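**Q** Numbering (the working numbering), first residue to last: 1 to 489.
What the hints contain is simulated information worked out from the structure, not anything from laboratory work.
Fair warning: this is a prediction, and the values are worked out from it, not measured in the lab.
A hint or two may mislead.
[Said to hold, decoys possible] Simulated pairs of lysine-lysine, DSS-like, Cα-Cα distance not exceeding 27 angstroms:
(1) Lys440 with Lys273
(2) Lys252 with Lys70
(3) Lys35 with Lys70
(4) Lys252 with Lys440
(5) Lys272 with Lys487
(6) Lys277 with Lys292
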Amino acid sequence: MLKNRILAKKPKEEELKRRLKEAREKLLALQMRIKEHRLPVLVLLEGWGTSGKGSTIGQVIRNIDPRFFKVASMELIREEDKRKPFLWRYFTEIPESGKFVFMDSGWMDEVTRDRLAGTMDDGTYEARIAGIRRFERQLTDNGYLVMKFFLHISEKEQKKRMDILKKDIDTRWRVSQADRWQNQHYERCLDIFDRYLDATDSPAVPWYVVDAGSKKWAELQVLEILTEGIDIAMQNQALAVPVLQNVFPLIKMPKLSEVSLEGKMLEEADYKKELKKLQSHLGELHNRLYRKKVPVIIAYEGWDAAGKGGNIRRITEALDPRGFEVHPIASPEPHEKARHYLWRFYTRLPRTGHIAVFDRTWYGRVMVERLEGFCSENDWKRAYNEINEFEKELSDWGAVIIKFWVHIDKETQLERFTQRQNTPEKQWKITEEDWRNREKWDAYERAVDEMIQKTSTVYAPWHILESVDKRYARIQALNILIKELEKVL
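Let the hints inform the model, and build the full structure from the sequences given.
**A** Below, the structure written as structure tokens:
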């Protein structure tokens, strides 16, 4: 892409000034339309050291109201970033609807740096490329405009710029050791950059190679491409996105109606004895998880009043409180609704060696949001594959993913609802919404069956907990958790 690319010819000075003025005015006008259309715009600037990424961003944002954009410098990788999935620090920076985020370097820079340093093998590289392609496609499928620019300069131009910067004591610091190494190994870097650009170029999220030999010319190219991209994105907002076929191996699961709830009972004495033994074992495993830096994600879904809270409590009682966090997931807040639906879960992922427990999860997309009309049919149908991709990213990172559906029958739910309503200290647990949702039991059951069938992958299978007897379900959950943790340890 870089080696054989024929770059646009720089216009003469008079034309350059005219077009710059027009492009700046156009972006100024477009920012209000972006807000009205609720279009989130992510602009990624990659390129050679000293190619002017920072100064180009600086020039472009002068034409935008500062309330509508954020600039994220992603070059520095913090210790916290190293303890999260590769894409975590990029996903958490995505813009809200109607706003811009400009990234000064990003996932390309991180991958190619590791590749050039020889710290990334072929298998890891291919997995990263696949993850990046999925990430970019998911953003565009969910209404984002992603614009990727690579600022290109020649080996000679790069050296010339470094020499100028090094002459001045106040700018010398801007030439890093990485920049010098890059210039000394220009052809090798060119080859790695070229391969990466080819591998991640797609019709929906193409790369734009910018001739960065002149600052004003670079700014003009970015502005004209960006404004054209915004125009097209706003025109295409109403178009449906293709629903992709699942490519991940699935485990055959029963329908909820096929799961027997009879005879799944435990006597109090047996329960207490088993609970104490399993909690002690889980506590020991938690220490080993921390030492080996294995992240664990436990996801709970289930019928209202099925006993999720009590089940979670029996697990967390066994854990070191410094090493886990429980996330009760309610309706999304306005700043969460304004982003990709997985954003609020990415921001809650655990560090390596820690455990995150989700009381309700990303599966709300294919249950509550689907049945209550909070998203379109195209949105929830796409979500099965998007969720499988999300969990694959977590699995590739090394996370143990354990998903529980806490199951009861309709009669048991009615008994528990009635008990809650008639017990003053438990009345806070029952709401009008719970009764309303109960009326949609059959529709929810069909949605849950489809969800379990389409998202029980070999790397993140579903476990159905029979919870007519809560004690039985708690012991079942502990046994499954211990078994899965022992596998990875």
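**Q** All hints, please: hold or fail.
**A** Against the structure, the hints come out as follows:
Only pairs whose Cα atoms come within 27 angstroms are accepted, and Lys440 paired with Lys273 is rejected, the gap being roughly 39 angstroms. Under the criterion of a C-alpha separation no larger than 27 angstroms, the hint pairing Lys252 with Lys70 is inconsistent with the structure, at around 45 angstroms. With a CA separation close to 15 angstroms, the supplied pair Lys35 and Lys70 stays within the 27 angstroms bound. At roughly 26 angstroms between alpha-carbon atoms, Lys252 and Lys440 fall within 27 angstroms of each other, so this suggested pair holds.
Using a Cα cut-off of 27 angstroms, the hinted pair Lys272 and Lys487 holds, with the two alpha carbons roughly 26 angstroms apart. Of the pairs offered as hints, the one joining Lys277 and Lys292 holds, with about 23 angstroms between alpha carbons and a cut-off of 27 angstroms not exceeded.
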